[in-house]
Amino acid sequence: MSLNFLARLPRPARSQRTLLPSVKRWGSSISQRPGSDRVRFPGAVNSKFTTEMSFINPAETSSIPTYRVMNSDGVMLEKDRKSLNVSNEEILTWYKNMLTVSVMDVIMFEAQRQGRLSFYMVSAGEEGISVGSAAALTPDDVVFAQYRETGVFQQRGFTLKDFMSQLFANRNDNGRGRNMPVHYGSNYPRTHTISSPLATQIPQASGAAYALKLQALQNPDTPPRIVACYFGEGAASEGDFHAGLNIAATRSCPVVFICRNNGYAISTPTLEQYRGDGIASRGVGYGIDTIRVDGNDIFAVYEAMREARRIALTDGGRPVLIEAMSYRVSHHSTSDDSFAYRARVEVEDWKRRDNPIIRLRKWLENEGLWNEDMEQETRDQLRKAVLKEFGDAEREKKPPIRAAFEDVYDELTEEAQEQMKELKRILETYPEEYDLRQYEDGIKGL
Amino acid sequence: MDLQTEFGSERVFNTPLTEQGIVGFAIGAAAQGMKPVAEIQFADYIFPAFDQIVNEAAKFRYREGGTGVNVGGMVVRMPCGAVGHGALYHTQSPEALFAHVPGVQVVMPRSPSQAKGLLLSAIFQSNNPVIFMEPKILYRAAVEHVPNEFYTIPLNKAEVVKPGSDVTVVSYGQPMYLCSEAIRAIEKDMGASVELIDLRTIYPWDRQTVLDSVKKTGRAIVVHESMINYGVGAEVAATIQDGAFLRLEAPVKRVAGWSTHTGLTFEKLILPDVARIYDAIKQTLEY
Numbered sequence: 264m265s266l267n268f269l270a271r272l273p274r275p276a277r278s279q280r281t282l283l284p285s286v287k288r289w290g291s292s293i294s295q296r297p298g299s300d301r302v303r304f305p306g307a308v309n310s311k312f313t314t315e316m317s318f319i320n321p322a323e324t325s326s327i328p329t330y331r332v333m334n335s336d337g338v339m340l341e342k343d344r345k346s347l348n349v350s351n352e353e354i355l356t357w358y359k360n361m362l363t364v365s366v367m368d369v370i371m372f373e374a375q376r377q378g379r380l381s382f383y384m385v386s387a388g389e390e391g392i393s394v395g396s397a398a399a400l401t402p403d404d405v406v407f408a409q410y411r412e413t414g415v416f417q418q419r420g421f422t423l424k425d426f427m428s429q430l431f432a433n434r435n436d437n438g439r440g441r442n443m444p445v446h447y448g449s450n451y452p453r454t455h456t457i458s459s460p461l462a463t464q465i466p467q468a469s470g471a472a473y474a475l476k477l478q479a480l481q482n483p484d485t486p487p488r489i490v491a492c493y494f495g496e497g498a499a500s501e502g503d504f505h506a507g508l509n510i511a512a513t514r515s516c517p518v519v520f521i522c523r524n525n526g527y528a529i530s531t532p533t534l535e536q537y538r539g540d541g542i543a544s545r546g547v548g549y550g551i552d553t554i555r556v557d558g559n560d561i562f563a564v565y566e567a568m569r570e571a572r573r574i575a576l577t578d579g580g581r582p583v584l585i586e587a588m589s590y591r592v593s594h595h596s597t598s599d600d601s602f603a604y605r606a607r608v609e610v611e612d613w614k615r616r617d618n619p620i621i622r623l624r625k626w627l628e629n630e631g632l633w634n635e636d637m638e639q640e641t642r643d644q645l646r647k648a649v650l651k652e653f654g655d656a657e658r659e660k661k662p663p664i665r666a667a668f669e670d671v672y673d674e675l676t677e678e679a680q681e682q683m684k685e686l687k688r689i690l691e692t693y694p695e696e697y698d699l700r701q702y703e704d705g706i707k708g709l
Numbered sequence: 006m007d008l009q010t011e012f013g014s015e016r017v018f019n020t021p022l023t024e025q026g027i028v029g030f031a032i033g034a035a036a037q038g039m040k041p042v043a044e045i046q047f048a049d050y051i052f053p054a055f056d057q058i059v060n061e062a063a064k065f066r067y068r069e070g071g072t073g074v075n076v077g078g079m080v081v082r083m084p085c086g087a088v089g090h091g092a093l094y095h096t097q098s099p100e101a102l103f104a105h106v107p108g109v110q111v112v113m114p115r116s117p118s119q120a121k122g123l124l125l126s127a128i129f130q131s132n133n134p135v136i137f138m139e140p141k142i143l144y145r146a147a148v149e150h151v152p153n154e155f156y157t158i159p160l161n162k163a164e165v166v167k168p169g170s171d172v173t174v175v176s177y178g179q180p181m182y183l184c185s186e187a188i189r190a191i192e193k194d195m196g197a198s199v200e201l202i203d204l205r206t207i208y209p210w211d212r213q214t215v216l217d218s219v220k221k222t223g224r225a226i227v228v229h230e231s232m233i234n235y236g237v238g239a240e241v242a243a244t245i246q247d248g249a250f251l252r253l254e255a256p257v258k259r260v261a262g263w264s265t266h267t268g269l270t271f272e273k274l275i276l277p278d279v280a281r282i283y284d285a286i287k288q289t290l291e292y
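Protein sequence lines, in the order shown, are assigned to chains A and B. Counting from 264, one number per residue, gives the positions in the first sequence under our numbering. Counting from 6, one number per residue, gives the positions in the second sequence under our numbering.
Derived by calculation from the structure, the hints in this document are not laboratory data. Treat the hints with caution; some may be incorrect.
Stated by the list, open to error - In the DSS-like style, the derived pairs of lysine-lysine whose C-alpha atoms are separated by at most 25 Å in a straight line are: (1) A/Lys-687 / A/Lys-359; (2) A/Lys-684 / B/Lys-40; (3) A/Lys-424 / A/Lys-660; (4) B/Lys-220 / A/Lys-684; (5) B/Lys-193 / B/Lys-121; (6) A/Lys-661 / A/Lys-625.
To be verified - Rough simulated footprint, nothing fancy, chain B against chain A, three-plus residues with beta-carbon under 8 Å: (7) 476-482; (8) 506-515.
Note that the Cβ used here is the ideal one computed from N, Cα and C, for glycine as well.
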């Protein structure tokens with residue numbers, strides 16, 4: 264009756280991270296040459312010595328420039344630049360996809376206000392970022408999004424029926440009625456189901472990209488694939504942003520991070536979010552190729568994304584950061600009244616000043632590809648189509664009750680089966696307390 | 006054994022020092038069909054990754070629903086438990102925190118052969134994210150024959166390590182050895198017959214094996230190293246009173262760490278030891 268066997272134990276098995284000394288000598292540990300003008304500390308191998316004591320002051324460095332292709336009148340800034348390499352038909356599709364999101368947003372926001380929908384988040388002002396970037400992806404690329412990227416889903420083939428089924432959590436919803444509205448998801452093209460916790464998708468995107476890289480090594484016949492990961496500038500303050508970008512850099516992952524910097528995280532303006540030069544300046548700190556683009560310029564977003572995708576696939580994989588600048592024209596969500604923290608005039612000013620949809624429309628009109636009649640007709644068609652799917656989805660049954668218990672694990676546990684039985688007994692004992700008509704197969708669905 | 010030399014630096018590699026990053030990275034890889042086996046250096050440092058485990062890994066299959074995408078391929082290994090001088094941050098066993106989270110499997114082996122069989126199950130047979138907790142005091146202390154070939158031990162299944170008829174002792178991980186020692190002593194001193202059960206998987210756990218045993222013996226004791234408050238023992242005891250009420254001849258006793266932190270010099274007084282387990286069995290038998 265003693266703890267003798269504890270006393271026999273050696274000191275803690277692994278008290279620190281060490282490599283076996285014989286394993287290898289890292290390039291960073293090359294010996295310092297006598298008289299060298301550079302430091303050979305392993306943590307910074309190419310740093311020159313200096314006798315001048317000078318702190319780097321971020322305020323004295325100029326901001327990273329914002330890449331744009333056309334001005335707010337839809338006119339190309341460089342007349343003789345090489346063409347986008349995109350057909351006019353495709354550009355018209357982008358335009359219609361932005362319009363679709365915009366039309367759906369207005370209707371669904373209103374539907375929430377009428378209590379027909381529990382929650383909604385619009386993308387107003389950011390349609391160009393999501394549609395333009397998604398247009399540069401292949402269907403085999405994998406997307407992790409935050410929640411204000413409806414245009415990504417639209418561009419990747421999500422139908423109005425898919426959107427409405429999710430928003431109304433009906434039996435056709437991919438998420439089986441489990442998630443809040445706008446938490447869309449699709450298997451192929453793989454656009455992972457949105458989850459509410461901010462920034463959690465960022466290190467996941469790095470891991471997913473690493474998986475694509477290993478799969479490409481194992482099977483060189485697979486088409487080249489990257490991961491695209493979206494988040495707002497507020498989410499970039501989370502620890503997961505730091506973790507995700509750092510690990511993507513050290514493991515050389517083929518992932519493109521797209522930050523939508525729209526000026527606000529709910530009520531928090533960027534001045535209270537960070538004091539550096541936006542999010543782009545951080546990418547450089549992680550050793551990541553970085554660009555800032557005008558998010559209201561769909562051509563700039565598309566071009567930057569196309570190039571980022573190419574860079575991400577070079578040398579077996581490299582992360583890239585795109586910071587797309589825009590303005591969140593709308594309220595944060597249906598649960599938010601943004602005029603409580605920003606002036607109405609500021610929003611009105613932005614609505615007038617610049618908008619990705621109007622800018623592309625001007626370009627299309629300049630090219631003779633669009634006019635007021637086409638605009639009206641398309642808007643009417645979209646509105647009708649949205650309302651039809653809205654009505655159908657609203658009338659559709661909810662998934663069967665067993666969906667509440669399924670998919671926690673790959674199989675129902677014994678405990679879950681017992682709890683389902685107990686719920687069934689309760690529902691049968693107190694039928695007047697529960698309205699089960701909305702669920703597919705009613706109580707039999709349990 | 007050097008896994009990196011054998012399998013290459015693409016498959017066995019260092020990450021930056023970020024627990025939330027490590028688990029998030031593993032989730033992402035698993036979501037594309039890989040089988041990442043992530044390591045957290047000490048269970049005490051899993052908390053930065055708590056959000057990724059609770060809100061992400063555990064809920065991934067459920068929220069993806071009809072897309073069928075899941076992170077069932079992932080395993081997170083972590084050394085846990087006391088080593089005699091680990092103090093506050095090299096001692097913890099947070100299994101109860103994860104047992105409150107539907108969607109993950111929580112496993113703790115007690116021996117080398119069990120560790121191998123359960124870990125292989127977690128990696129190759131479980132299609133759910135697994136939290137695999139390894140009592141680090143046993144890393145070099147426990148020696149036994151371990152078959153070289155591939156074999157698995159089923160998850161979610163308890164093991165009756167020693168049959169008995171008078172009282173059931175339920176435990177897992179390192180305290181299994183303390184229980185064995187206490188049982189040997191009490192059987193010699195009191196002539197009692199004690200049944201010892203190793204839960205092996207802490208959640209979802211094998212309720213039937215425990216209930217069958219207690220229905221037979223009429224008495225039960227739960228032993229674990231982590232704190233008694235809201236610990237695994239609370240769930241086991243509540244399940245026993247619910248499922249074997251009419252067979253119980255004594256209250257279900259819980260022998261576990263006191264509800265304090267593991268102060269360096271007080272470890273022996275805080276964690277359950279053979280004396281406390283012996284005493285609990287004695288009191289239960291004499292009730």
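Quick rundown of the hints versus the structure:
1. A threshold of 25 Å between alpha carbons decides the hint, and for A/Lys-687 with A/Lys-359 the separation of about 47 Å lies outside it, so the pair is violated.
2. For the suggested pair A/Lys-684 and B/Lys-40, the alpha carbons sit about 34 Å apart, so the restraint of at most 25 Å is broken.
3. Restraint check: the Cα-Cα separation between A/Lys-424 and A/Lys-660 comes to about 14 Å, which is no more than 25 Å; the hinted pair holds.
4. Of the pairs offered as hints, the one joining B/Lys-220 and A/Lys-684 holds, with about 23 Å between alpha carbons and a cut-off of 25 Å not exceeded.
5. Taking the CA atoms of B/Lys-193 and B/Lys-121, the gap is about 33 Å. The hint is violated against a cut of 25 Å.
6. This hinted pair does not check out: A/Lys-661 and A/Lys-625 have alpha carbons roughly 43 Å apart, beyond 25 Å.
7. Only residues whose beta carbon comes within less than 8 Å of a beta carbon in chain B count, and the region 476-482 of chain A has 3; three or more means the coverage holds.
8. For the region 506-515 of chain A, the assignment as covered by chain B holds, since 6 residues bring a beta-carbon within under 8 Å of that chain's beta-carbons and 3 suffice.
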